[in-house]
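Note that the protein sequences, when read in sequence, are chains V and Y.
Note that numbering that gives the first Met the number 0 has the first sequence beginning at 0, numbered continuously upward.
Note that numbering that gives the first Met the number 0 has the second sequence beginning at 0, numbered continuously upward.
Where hints are given, some of them may not hold.
As the list makes no split between identical chains, a pair holds if one copy fits it or if it spans any two.
[Claimed, not checked] Subject to a maximum C-alpha distance of 30 Å in a straight line, what follows is the list of computed DSS-like cross-link-like pairs (lysine-lysine):
{"id": "1", "residue 1": "K186", "residue 2": "K409"}
{"id": "2", "residue 1": "K421", "residue 2": "K197"}
{"id": "3", "residue 1": "K2", "residue 2": "K55"}
{"id": "4", "residue 1": "K197", "residue 2": "K409"}
{"id": "5", "residue 1": "K219", "residue 2": "K205"}
{"id": "6", "residue 1": "K9", "residue 2": "K63"}
{"id": "7", "residue 1": "K341", "residue 2": "K309"}
{"id": "8", "residue 1": "K63", "residue 2": "K306"}
{"id": "9", "residue 1": "K9", "residue 2": "K55"}
{"id": "10", "residue 1": "K377", "residue 2": "K253"}
{"id": "11", "residue 1": "K93", "residue 2": "K2"}
{"id": "12", "residue 1": "K341", "residue 2": "K197"}
{"id": "13", "residue 1": "K2", "residue 2": "K197"}
{"id": "14", "residue 1": "K309", "residue 2": "K387"}
{"id": "15", "residue 1": "K186", "residue 2": "K219"}
{"id": "16", "residue 1": "K93", "residue 2": "K380"}
{"id": "17", "residue 1": "K409", "residue 2": "K306"}
{"id": "18", "residue 1": "K180", "residue 2": "K190"}
{"id": "19", "residue 1": "K219", "residue 2": "K190"}
Simulated from the structure, these hints should not be mistaken for lab results.
Number of protein chains: 2
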Amino acid sequence: MEKLSTQPYKGTRDFYPADMQLRNWFFGVVRRVLETAAFEEYNGPMLESLDLYAAKSGEELADKQTYNFTDRGNRHVAIRPEMTPTVARMVAAKMNDLTFPLKWFSIPNMYRYEATQRGRLREFWQLNVDIFGCDTYEADLDCIIAAINILRAFGADETMFTVRINNRRFFNDVIAAITGKTEDDAKAVSKVVDRRNKVPRDVYEKDLTALGLTAEQIAKLDSLYGMSVREAAALCPASAGAGELLALFEMLEKLGLDRYCVFDFGIVRGLDYYTGTVFEVFDNAPENNRAMFGGGRYDNLVGLFVKNAKISGVGFGMGDVTLENFLITHDLILSSVGGAAKVLVTRFDDVPYEEYLKLTETLRAAGIVSSLYLGSKKFGKQLDYAVKTNCTHICVMGGDELARGVVRVKNLATREERDVPKEEITKAF
Amino acid sequence: MEKLSTQPYKGTRDFYPADMQLRNWFFGVVRRVLETAAFEEYNGPMLESLDLYAAKSGEELADKQTYNFTDRGNRHVAIRPEMTPTVARMVAAKMNDLTFPLKWFSIPNMYRYEATQRGRLREFWQLNVDIFGCDTYEADLDCIIAAINILRAFGADETMFTVRINNRRFFNDVIAAITGKTEDDAKAVSKVVDRRNKVPRDVYEKDLTALGLTAEQIAKLDSLYGMSVREAAALCPASAGAGELLALFEMLEKLGLDRYCVFDFGIVRGLDYYTGTVFEVFDNAPENNRAMFGGGRYDNLVGLFVKNAKISGVGFGMGDVTLENFLITHDLILSSVGGAAKVLVTRFDDVPYEEYLKLTETLRAAGIVSSLYLGSKKFGKQLDYAVKTNCTHICVMGGDELARGVVRVKNLATREERDVPKEEITKAF
Chain V
0 MEKLSTQPYK GTRDFYPADM QLRNWFFGVV RRVLETAAFE EYNGPMLESL DLYAAKSGEE
60 LADKQTYNFT DRGNRHVAIR PEMTPTVARM VAAKMNDLTF PLKWFSIPNM YRYEATQRGR
120 LREFWQLNVD IFGCDTYEAD LDCIIAAINI LRAFGADETM FTVRINNRRF FNDVIAAITG
180 KTEDDAKAVS KVVDRRNKVP RDVYEKDLTA LGLTAEQIAK LDSLYGMSVR EAAALCPASA
240 GAGELLALFE MLEKLGLDRY CVFDFGIVRG LDYYTGTVFE VFDNAPENNR AMFGGGRYDN
300 LVGLFVKNAK ISGVGFGMGD VTLENFLITH DLILSSVGGA AKVLVTRFDD VPYEEYLKLT
360 ETLRAAGIVS SLYLGSKKFG KQLDYAVKTN CTHICVMGGD ELARGVVRVK NLATREERDV
420 PKEEITKAF
Chain Y
0 MEKLSTQPYK GTRDFYPADM QLRNWFFGVV RRVLETAAFE EYNGPMLESL DLYAAKSGEE
60 LADKQTYNFT DRGNRHVAIR PEMTPTVARM VAAKMNDLTF PLKWFSIPNM YRYEATQRGR
120 LREFWQLNVD IFGCDTYEAD LDCIIAAINI LRAFGADETM FTVRINNRRF FNDVIAAITG
180 KTEDDAKAVS KVVDRRNKVP RDVYEKDLTA LGLTAEQIAK LDSLYGMSVR EAAALCPASA
240 GAGELLALFE MLEKLGLDRY CVFDFGIVRG LDYYTGTVFE VFDNAPENNR AMFGGGRYDN
300 LVGLFVKNAK ISGVGFGMGD VTLENFLITH DLILSSVGGA AKVLVTRFDD VPYEEYLKLT
360 ETLRAAGIVS SLYLGSKKFG KQLDYAVKTN CTHICVMGGD ELARGVVRVK NLATREERDV
420 PKEEITKAF
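Please build the complete structure, drawing on both the sequences and the hints.
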């Protein structure tokens, strides 16, 4: 019979214990920061109705980007490519029982159908942080503080990352103010401005000129990219978005968090989705200088499910691959993620097996990570196993030690050995 | 536009924060027990090649029980319905780099295409515990001890569950010994015996008679079901399986774990899969008396991937729904899974917002779960929010407290209030 392949499915990863320990460690740090800030964890199903994604992203995109299929009950389902539609559905389902504002987070696995490249896999885990039901900038600030505190909890400082902040309402308002256009006409300009860094400069200028902008107006738009938040806000002081930006930055300054943050008119994110504050967190490392993750305020996703519902949200997402790359780049992964004692109880054939079993269970009951060597092999093999599996200590109990009521404990790092009375064994590590 | 449904996909669940807290709590207990026994966590992809399941369960069953589809690269993939093929693939892929015996566990989510009923959902989380590379009963014992210790860690005792143990090698050997048949002919008898509790008694007897068994032989088979392990083993003392059973039970007795365990000739599990020790853990509650989970020894799954590989395994699996039902039935869920302080910092409009932000960040930096009320509402609304979101304390800091450098701390359970100097606030909870 032909042997099966041992490769994981394209774009997915196997997490061997060392990989899993690393992921558990870093998501554990994330969890602790968020729980301390009173965010609560939730989760939802891996499969959802395809409609959920089509309603948000359009049918074609939903079909193209997701793994989707028709089940035997003729339901068109997709493996979730993102968490927002699920959480919006969950909020909608219990809208009348939940106490707002909600502060929720989740770390689900998800799939996107895409070409695999560095930092982009088909299966990934993504932290999702959201606050629902607070319409004002305080929730935006709480999210940005959470993002900063997560990175600081790993030991990252302001030399390593920057939070680039803009406001979609301000973006639209200031474009309307500079061009003197009505809201609808300004939208066409916004679409061109959004592509500023994605198209050649001459195309950018041609497109704006075609919409009736003067060279002076185009230059004024350009000037926004180097401005401080106060200079920018002064161009359009009546904008509610400008007010939100100013309030946000004022508080960041008063908390001493402005050293991590900068106003950046170039941060727009998906045009049809975000409605207020938007931000992206950049890795400052020159070799990796790009947005690691981001988020912002989006209004009324719950309205897709419930008529007349009006629950705003603000949140951000962060992928496991991106976070891991950042931690590696800045050498923020603890060299010893574990650190606690790990004991191998070795065995000899001339001592009753139950003596070893009892010793191991005593250690475990005291919370000491320990295993009894499985099978009966030469002592050298057992020692070799202890070293290869990163044990910190071995316990040796031959006939002699058994008779004397002691266990010989060897520290594998220092090579120090000593006899410990059996009844004091749990204090030896 | 028609509103989308808020229902989760059939057979799946939404985990709201209270549900998630419960699941995190009980899998946290499981994790701690296993890690203390030196099991290491791993994980693998949600999608695997359908071949993996077809090779183990046959193509028809694999197709019928899994969610499977063809991807755009013409790969036939399935959402994993179980973890064993994945872990066997992972072990095979790094066979030459891994140090055996491996003690591994995982708690993945998985999907099975089945009719939904109590305890059986389409999406579930399943603990998988395996030891690879130890051929002797010591590994079987280590797994059974782990299963017992998991349930004991929740406070379960011998009145609540029973581990029913058999051995597939013994099962085959004793049937051959009683019937006097060759190994191959005995297999046909084994298949009938396996169905003993699933078919009417007259059909069972007719089938055995058709295979040439006498009434006396049938009665002797029946007698096995009430026997102790020593009585049963005596019927076929030369069987290696009998030896394994005796060694296993001897150690369980010496460890005082035999009060949780019983020999049961009726435990067989999948005929084509298990090769040695098999066990099932039963809930003793009369209203729920059935196998909660089980496992056993299976040989050489790794051989599906690597020519001439011979790595045996022993393990068990346990679903989240089953475990939760057991904990509920026996009232083993802590009434307060959380328990730590949770603080709401309330706010007034006449105090600068940054004062509240700084207070909240001070609490969080000390590891105290705390949130600042988002938005600005009447005090009564804020208090209401604190109560509904299960806060244990609120902090009140109006203009007067601010001037005096204190924070008023109110315990919501005892209704006790006191002023705490701002610099001592982290000691107040």
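These are the hints, each one checked on the structure:
In this assembly of identical chains, K186 and K409 lie within 30 Å of each other by CA distance neither inside one copy nor across copies; the values are 72 Å within and 50 Å between. For the homomeric pair K421 and K197, neither the shortest alpha-carbon distance inside one copy (70 Å) nor that between copies (51 Å) is at most 30 Å. Proximity of K2 to K55 under the C-alpha cut-off of 30 Å is restricted to the inter-copy arrangement: shortest distance 12 Å between copies versus 43 Å within a copy. Within a single copy, K197 and K409 get their C-alpha atoms no closer than 62 Å, and across copies no closer than 55 Å, so neither meets the 30 Å cut-off.
Within a single copy, K219 and K205 get their C-alpha atoms as close as 16 Å, which meets the 30 Å cut-off; across copies the closest is 94 Å, which misses it. Proximity of K9 to K63 under the C-alpha cut-off of 30 Å is found in both arrangements, the shortest distances being 17 Å within a copy and 24 Å between copies. Within a single copy, K341 and K309 get their C-alpha atoms only as close as 53 Å, which misses the 30 Å cut-off; across copies the closest is 28 Å, which meets it. Taking the closest pair of Cα atoms, K63 and K306 come within 30 Å of each other only inside a single copy of the chain (29 Å); across copies the shortest separation is 39 Å, beyond that limit.
In this assembly of identical chains, K9 and K55 lie within 30 Å of each other by CA distance both inside one copy and across copies; the values are 27 Å within and 21 Å between. For the homomeric pair K377 and K253, the shortest alpha-carbon distance between copies (25 Å) is at most 30 Å, but the shortest distance inside one copy (66 Å) is not. Taking identical chains as interchangeable, the C-alpha atoms of K93 and K2 lie at most 30 Å apart only when they sit on different chains, with a minimum of 15 Å there against 50 Å within one chain. Within a single copy, K341 and K197 get their C-alpha atoms no closer than 53 Å, and across copies no closer than 46 Å, so neither meets the 30 Å cut-off.
Taking the closest pair of Cα atoms, K2 and K197 never come within 30 Å of each other, the shortest separation being 47 Å inside a single copy and 36 Å across copies. In this assembly of identical chains, the alpha carbons of K309 and K387 lie at most 30 Å apart only when taken from different copies (21 Å versus 58 Å within one copy). In this assembly of identical chains, K186 and K219 lie within 30 Å of each other by CA distance solely inside one copy; the values are 17 Å within and 86 Å between copies. Within a single copy, K93 and K380 get their C-alpha atoms only as close as 58 Å, which misses the 30 Å cut-off; across copies the closest is 20 Å, which meets it.
With identical chains, the CA atoms of K409 and K306 are never at most 30 Å apart, being 69 Å at best within one copy and 39 Å at best between copies. Only within a single protomer do K180 and K190 lie at most 30 Å apart by alpha-carbon distance; the minimum there is 14 Å, versus 82 Å between protomers. Taking CA atoms no more than 30 Å apart as the test, K219 paired with K190 passes inside one copy only; the shortest distance there is 17 Å, against 84 Å between copies.
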